[in-house]
Amino acid sequence: MEDTNGEKSENFRRPALQVIVLGAGGGPQESNTTALLVRSVASGWTKGSIIAVDAGVHLSAITRILEETAPPGLGTQLPLPHTLASGPFAGLQLTPNKGGSPAIGDGESKGYLEVADRLAIKAYSVSHGHCIERHPHRGSTSSTATPLRYPSVDAASMASPRILPYGLASSTAPIPRAPSVAPEPQASVCVYDSSAYFILDMATNLEILIFGDVEPDSMSLSPRNLTIWEEAAPKIVAGQLAAIFIECSYDDSHSDDRLFGHLKPRYVMEEMHALAQTVEEARGDAHASRKRKRVAEPDTIPRRRTGGAFSRLAGGDESPISPKSVAKRAMSADIGHVPPLPPAATSVESPHLTTPTQELSLREAERWSETEDGHSKGPPLKGIKVVIIHVKDRPDGRDQGKLILQELEAYEADAQLGCEFIVSHAGQSLYL
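Residue 1 is where the sequence shown starts when you use our numbering, and the numbers rise one by one after that.
Treat each hint with caution, since some may be false.
[Said to hold, decoys possible] Derived CB-CB ranges, DEER-like:
| # | residue 1 | residue 2 | range |
| --- | --- | --- | --- |
| 1 | Leu59 | Ser424 | 39 to 47 Å |
| 2 | Leu113 | Glu68 | 29 to 37 Å |
| 3 | Thr63 | Ser40 | 21 to 29 Å |
| 4 | Ala52 | Arg258 | 54 to 62 Å |
| 5 | Ala24 | Ala85 | 20 to 28 Å |
| 6 | His425 | Ser255 | 19 to 27 Å |
| 7 | Leu119 | Leu92 | 16 to 24 Å |
| 8 | Asp285 | Gly27 | 55 to 63 Å |
| 9 | Ser424 | Glu30 | 50 to 58 Å |
| 10 | Ser253 | Asp285 | 35 to 43 Å |
| 11 | Ala55 | Leu92 | 14 to 22 Å |
| 12 | Gly91 | His425 | 38 to 46 Å |
Quick caveat, the hints were computed from the structure, so don't treat them as lab data. Glycine included, each C-beta is placed from N, C-alpha and C at the ideal position.
Please build the complete structure, drawing on both the sequences and the hints.
What follows is the structure, given as structure tokens:
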């Protein structure tokens, strides 16, 4: 073992535990009240390797020790992340506080909650259809004692102008009431709530988006999907969103009035169009920001933008182009050989659809390929994998997933948004 001066004793062995004294006194001054940190040396400085014992003082003492032992200019002249070389916390890597809690942190990871080692989430509420007739309140907004009966409603009349099918007027009309429905007291819309999660790998700054049960904004009485797309768009522009996991319960032959808060290919593609539009807007904002920076700093040499602190931890920089253009991430060296996707997830079959949902044409592809200042924009969702989940079995035994994939690929062949559709199956492994 080693003594307090760091000299080896005669019976030397590797130390197993480290004890850091944060406070040694017994009062009455509370600034030095007994407090210890104990950690397993074999665990390094990993999360969960330290416990606090008799915490008479805590954060203030840790801060004081770090201020006394950290090198000068740390975080300014000496950039973060930085591994301390001396003092009680030698070997500890200090990183910028980019998040990990909804209440603290700033930057790209603000609002994320770390739920596992290097995995953080940000949750959003989405709509999973409205309640029917005499229902107990289980969802958003409020309910009244008087039950509501919702008449048949044209989905387009309720849609946000951002996600209306092409060719329709952008103005929206109030929800119509069928003449046969008697006037009832005013009541708030009640819908079942579901969730959507952005899951962030804090080491690489790469994210995926996973939806629970969800209905399209164009049919929802409480549309919220557009908020998700507005959050996702800048991540796509920056090359930080690798995949979207979204439900598609039925193929297009399933009638709208029997969707019950779910999606089919027609509406999946409608949501992808809404996402593509927000990506185009985010691209414009990013381009304008870069242009203003060039004008303000004409003599500076353009540099590749490196990712946040979590990206730098991975040992590489990232250029905000697309997920496929991101530099190889540290994790890629550890995952070994990635098995090829099954034929059901990679084959392209594009039969003619008898009930197309929107007036889609090659003009869409032409719009995505327009250039601005000599810079090719490309399809807005290029490189994004859209993984279909929650596929319901058909009573006739036909492969519902195969039908859904065929319809989605037919829509994509026409719209040219750039996304890749994959239908999930049990036992599948996706490296993103």
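Hint-by-hint comparison with the structure:
no. : hint                           : result
1   : Leu59 with Ser424: 39 to 47 Å  : holds (44 Å)
2   : Leu113 with Glu68: 29 to 37 Å  : holds (32 Å)
3   : Thr63 with Ser40: 21 to 29 Å   : holds (23 Å)
4   : Ala52 with Arg258: 54 to 62 Å  : holds (56 Å)
5   : Ala24 with Ala85: 20 to 28 Å   : holds (25 Å)
6   : His425 with Ser255: 19 to 27 Å : holds (26 Å)
7   : Leu119 with Leu92: 16 to 24 Å  : holds (21 Å)
8   : Asp285 with Gly27: 55 to 63 Å  : holds (57 Å)
9   : Ser424 with Glu30: 50 to 58 Å  : holds (56 Å)
10  : Ser253 with Asp285: 35 to 43 Å : holds (40 Å)
11  : Ala55 with Leu92: 14 to 22 Å   : holds (19 Å)
12  : Gly91 with His425: 38 to 46 Å  : holds (44 Å)
Of the hints listed earlier, there is not a single one the structure fails to meet.
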